[in-house]
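Visitor: The residues making up each chain are set out below.
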Amino acid sequence: MNTVLLWAGTFALFCFALALACAATRLLLGPTPQDRVLALDTMYINGMLIILVLGMHFRNDLYFDIALLMAMFGFVSSAAMAKFLLRGEVIQP
Amino acid sequence: MSELPLWVTIPASLLLILAGIMTLIGSAGLLRLNRFYPRMHAVTLGNTMGVGCIVLATILVASTLSGWLVLRPLLILALLILVSPITAILLMRAGVRRDPRRPVPEE
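Order-wise, the sequence lines are chains A and B.
Going by my numbering, the first residue of the first sequence is number 43, and it counts up by one from there.
Going by my numbering, the first residue of the second sequence is number 15, and it counts up by one from there.
For the record, the hints were derived by calculation from the structure and aren't laboratory data.
C-beta atoms are modelled at their ideal positions from N, C-alpha and C, and glycine is treated no differently.
Careful, some of the hints might be misleading.
Unchecked claim - Derived DEER-like restraints, expressed as beta-carbon distance ranges: (1) R107/B x L48/A: 41 to 49 Å; (2) R111/B x R101/A: 42 to 50 Å; (3) I24/B x V118/A: 23 to 31 Å.
Chain A on its own, in the form it takes in the complex (with noise of 0.2 Å):
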């Protein structure tokens, strides 16, 4: 791996570290449920992040459908919650 690209690629790790602590303070005292299950969402994604950046640094493809999959699994998630918030329950008889 190249020098600048390595370096580049740690100052971006430690940006993302540095958001997911933002969003996990956040978490931590949001005052309604609706801003934890935005700062929830947002951590999902700033992990993803990191494993795209990781991938990219270990040149292994296999992080990518890591990433996919936290994607995935982040917005069902995410779907649920705000459902819940929204109706009382997530499915609808």
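Got chain A sorted already, so can you dock chain B onto it with the hints?
Guide: Chain B only, in chain A's frame:
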């Protein structure tokens, strides 16, 4: 170890740095803004830009290293573009419904 040429290294590094800064701005806005609707706007801006830049950089580096065009990371970008407005709409409707300042309840 094959070495990357210069015309791949510089755009990929710029895209990585831009993605990091954008995501950090979005999450700092999530922490700093004072109400629910501005928080939602900040997060949407940061995450769309960050994911787009990272996917472009990944495509650039993987295509140069393997010798053919690798388009599999575009699947992640397509999925997120398709899916994140649905989450935003559901969360926004939940926020509007649970807003204590809403004057007249529905139904």
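Visitor: If a hint holds in the structure, say so; if it doesn't, say that too.
Guide: Evaluation of the provided hints:
1. R107/B x L48/A: 41 to 49 Å: Given about 44 Å between the Cβ atoms, the range holds.
2. R111/B x R101/A: 42 to 50 Å: holds (47 Å)
3. I24/B x V118/A: 23 to 31 Å: violated (38 Å)
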